[in-house]
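Protein sequence lines, in the order shown, are assigned to chains D, W and Y.
Under the working numbering, the residue at position 160 of the first sequence is numbered 160, and the numbers go up by one with no gaps.
Under the working numbering, the residue at position 293 of the second sequence is numbered 576, and the numbers go up by one with no gaps.
Under the working numbering, the residue at position 39 of the third sequence is numbered 695, and the numbers go up by one with no gaps.
Do not rely on the hints blindly, as some may be mistaken.
[Claimed, not checked] Derived coverage of chain D by chain W (criterion: at least 3 residues anywhere in the stretch with Cβ under 8 Å from a Cβ of chain W; other residues may be distant):
1. 49 to 60
2. 67 to 80
3. 93 to 99
[Said to hold, decoys possible] Quick list of in silico lysine to aspartate or glutamate cross-link-like pairs, DMTMM-like style, CA-CA up to 20 Å:
4. K508/W <-> D228/D
5. K704/Y <-> D23/D
6. K741/Y <-> E10/D
7. K669/Y <-> E703/Y
8. K15/D <-> E738/Y
9. K741/Y <-> E14/D
10. K704/Y <-> E523/W
11. K693/Y <-> D228/D
12. K519/W <-> D23/D
13. K55/D <-> E582/W
14. K674/Y <-> E10/D
15. K674/Y <-> E14/D
16. K4/D <-> E739/Y
17. K674/Y <-> D23/D
If you're looking for bench data, these hints aren't it; they were derived computationally from the structure.
Ideal Cβ positions, reconstructed from N, Cα and C, are used throughout, including at glycine.
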Amino acid sequence: MSEKKKTTMEILREKVEELLRTDRLPHVWCPGCGIGIVLNAFLRAFIRAKMDPNKLVVVSGIGCTGRTAGYVNVDSFHTTHGRAIPFATGIKFARPELNVVVFSGDGDLFAIGGNHFINAARRNHDILVIAVNNFTYGMTGGQHGPTTPTGAYTTTTPYGNPDRPFNIPHLAISLGVPYVARWTTYHLMQLQNSIYTALHRKGFRVIEIISQCPTVYGRRNEMKNPLDMMEYFRKFSIRKDDATAEEMELTYNGKIVVGVFRDVQGIPTYEERYEELLRRAQK
Amino acid sequence: MKPGYYFWSGDIAVAEGAIFAGCRFYAGYPITPSSEIAERMALRLPQVGGKFIEMEDEIGSIAAIIGASWAGEKAMTATSGPGISLMNENIGLAVMTEVPIVVVNAMRGAPSTGLPTLVSQGDFMQARWGSHGSYEIISYYPDSVQETFDLMLDAFNSAERYRVPVMFLLDAMLAHMYEKIYVPPEDSVERVERKRPTKPPGEQLIYEADEDLIPPMPRIGDGYKIHASGLTHNEKGYPELTPQAQERLVRRLNEKIRKHQEKIWKVEEYRTEDADVIVVAMGSNARAVRTAVDAARNEGIKAGLLRPITIWPFPYKYIEKYSVDYIVAEINYGQIYHVVREYADNKVELLPKMGGELHTPQEILHALRRYKK
Amino acid sequence: MKKLAENKPPPKKRGTVKIIEERCKGCWYCISYCPTKVLVVSPKLNEKGYHPPELKEDPPNKVCIACHLCELFCPDFALIVEEIK
Chain D
1 MSEKKKTTME ILREKVEELL RTDRLPHVWC PGCGIGIVLN AFLRAFIRAK
51 MDPNKLVVVS GIGCTGRTAG YVNVDSFHTT HGRAIPFATG IKFARPELNV
101 VVFSGDGDLF AIGGNHFINA ARRNHDILVI AVNNFTYGMT GGQHGPTTPT
151 GAYTTTTPYG NPDRPFNIPH LAISLGVPYV ARWTTYHLMQ LQNSIYTALH
201 RKGFRVIEII SQCPTVYGRR NEMKNPLDMM EYFRKFSIRK DDATAEEMEL
251 TYNGKIVVGV FRDVQGIPTY EERYEELLRR AQK
Chain W
284 MKPGYYFWSG DIAVAEGAIF AGCRFYAGYP ITPSSEIAER MALRLPQVGG
334 KFIEMEDEIG SIAAIIGASW AGEKAMTATS GPGISLMNEN IGLAVMTEVP
384 IVVVNAMRGA PSTGLPTLVS QGDFMQARWG SHGSYEIISY YPDSVQETFD
434 LMLDAFNSAE RYRVPVMFLL DAMLAHMYEK IYVPPEDSVE RVERKRPTKP
484 PGEQLIYEAD EDLIPPMPRI GDGYKIHASG LTHNEKGYPE LTPQAQERLV
534 RRLNEKIRKH QEKIWKVEEY RTEDADVIVV AMGSNARAVR TAVDAARNEG
584 IKAGLLRPIT IWPFPYKYIE KYSVDYIVAE INYGQIYHVV REYADNKVEL
634 LPKMGGELHT PQEILHALRR YKK
Chain Y
657 MKKLAENKPP PKKRGTVKII EERCKGCWYC ISYCPTKVLV VSPKLNEKGY
707 HPPELKEDPP NKVCIACHLC ELFCPDFALI VEEIK
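So here's chain D without its partners, still in its complex pose (with noise of 0.2 Å):
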């Protein structure tokens, strides 16, 4: 075979590779699972800002999600239940010049580690956070978490749902939050690309990615094929950027709003009116 030049999306899966450890794979994620879609979407987002990766340290809690810090080939940190955002707030703060993302799970992020979620955005750390939401705690076998629908079966509501969901893209709104969108997996480029645009953002940047949990969410759920999941997403979402707070909320097997909904910038960060203390402080 001739020399030929590589095309970019060759070059693009030729970094994603390197930006895995590979030695590791195959990962622990069951067959269908959406984890690997959002992290093949990250890495490539992250390879095309063309950012440092000796820069880049990804902190993960535990549940599935908690394992993406274990497959990425950079500083990587799988931390405590519910803890990774305070743990890469230190990180951060001790060193702004860091790149620091959060990746990880709705019941890490949104039930045991809420109280952290809710008190990062209002100090907006420079964090970017992206929460993968599968409606359910995967690793322990598909228990209800603070993200299933109402209606929807698990392992702990055999008669069906009767909390209430987080509706995610709201409350991070709420807490002043200067970047939130979401996607499902289904949206691959516009995923990839909202990656992309947050990575150049400042602040607190949320975005939720709806998942497929096939193996212990949609057996019980109607969509035991990881297809069906899928499918309920092409079919389901409708892109709203200027979604109302209720347009945004979650049904059981309703429609998922996706889109950036917020995208503000000049808000300063933590990190920005600490160094500003200091000065203070120092004088």
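Guided by the hints, dock chains W and Y onto chain D, whose structure is given.
Relative to chain D, chains W and Y alone:
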């Protein structure tokens, strides 16, 4: 801080001692009787270019300092019993991933909310076994404001040297008590920095221990592609969920402290050489005991005081050294008592107190009089 | 989709799909979402017991057009698309 004499509380001495030791990162949550440490840090850290953050809770605080430590800072937090209870899971994470941090616990009356403003020594065993699993930790406990300041340096040095969380014990009495203290010149002490990797990125395994059983610690951002996990891991840092990996890792985590314990031990032996009876007491309670020992000596009772300054790993050889009767005076219903019993040849008596106040010298003296010959 | 592949003139861009079989977990997103339907379920099993996809082209129209969609969909990093023309 300029060298010289100051009039500080134990809490202030903790903060100043930490800064003196090189601490430049503090994350904490207010709780009596340790809040003044946070207040002092908030005032002083920015002056020396350090970072202070008040977190949303104690769990966030300890998670933040573990992150900051990986980022290369000497980091600490301070709290009291209820806060320690919340932090314990992450103390386990710091043990497992070998992160140098200092956690200050100003002990107060307990269980639960107990006596927030009053003294207790109920957290010895919690300091040792607070997190789940079998591990070794280092713990110091001073008895004066001066020693608090001086010992903060040891706390940071040991944390850095052994890559382990150090639990710095204090009590409500010491935290709020003011004393005159001396701050030595900046360059008069040795500050230990953690061992850095000697091999370049790519060749350095993240958890490859040297002969001293301690692996060098890379810093985030230096290209080492660190992976740290609370899961049982191999030398690469990758999760390896096997009995063999568990045996290798957890045994080393314990051995790396046990191997160096004699260097970590600090003990005060007060009039013990010819003693017939030795009172074991720690922290501010030892001050009352010292007075009682002197009074007993005046009455012809050969009493002494043995004060472990290093609580964990327990300096048991000092207990074995004396073939005498021991009285353990502690502000709890028997914790160090059990450890002393494990190593003592003769009788060990417990002099407990549930908390709220120290033993009075009279109470100790009363117990010592039984040993009058 | 079928019509599209049959009635259009042969695509200019041509590619091929390299399959890292040991990473595949058989979700078959690649097979389902391939616009020219050139991926099919392979009868063989990989070491984890999954059926990976295999490339089955039927020129001139039913060929890999190097669109890279399967590469983006694959949750297991098991596919590499290369352009050959």
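A quick look at each hint next to the structure:
{"no.": "1", "hint": "49 to 60", "in the structure": "holds (count 4)"}
{"no.": "2", "hint": "67 to 80", "in the structure": "holds (count 10)"}
{"no.": "3", "hint": "93 to 99", "in the structure": "holds (count 5)"}
{"no.": "4", "hint": "K508/W <-> D228/D", "in the structure": "37 Å, violated"}
{"no.": "5", "hint": "K704/Y <-> D23/D", "in the structure": "16 Å, holds"}
{"no.": "6", "hint": "K741/Y <-> E10/D", "in the structure": "13 Å, holds"}
{"no.": "7", "hint": "K669/Y <-> E703/Y", "in the structure": "34 Å, violated"}
{"no.": "8", "hint": "K15/D <-> E738/Y", "in the structure": "14 Å, holds"}
{"no.": "9", "hint": "K741/Y <-> E14/D", "in the structure": "19 Å, holds"}
{"no.": "10", "hint": "K704/Y <-> E523/W", "in the structure": "19 Å, holds"}
{"no.": "11", "hint": "K693/Y <-> D228/D", "in the structure": "18 Å, holds"}
{"no.": "12", "hint": "K519/W <-> D23/D", "in the structure": "11 Å, holds"}
{"no.": "13", "hint": "K55/D <-> E582/W", "in the structure": "69 Å, violated"}
{"no.": "14", "hint": "K674/Y <-> E10/D", "in the structure": "12 Å, holds"}
{"no.": "15", "hint": "K674/Y <-> E14/D", "in the structure": "13 Å, holds"}
{"no.": "16", "hint": "K4/D <-> E739/Y", "in the structure": "9 Å, holds"}
{"no.": "17", "hint": "K674/Y <-> D23/D", "in the structure": "19 Å, holds"}
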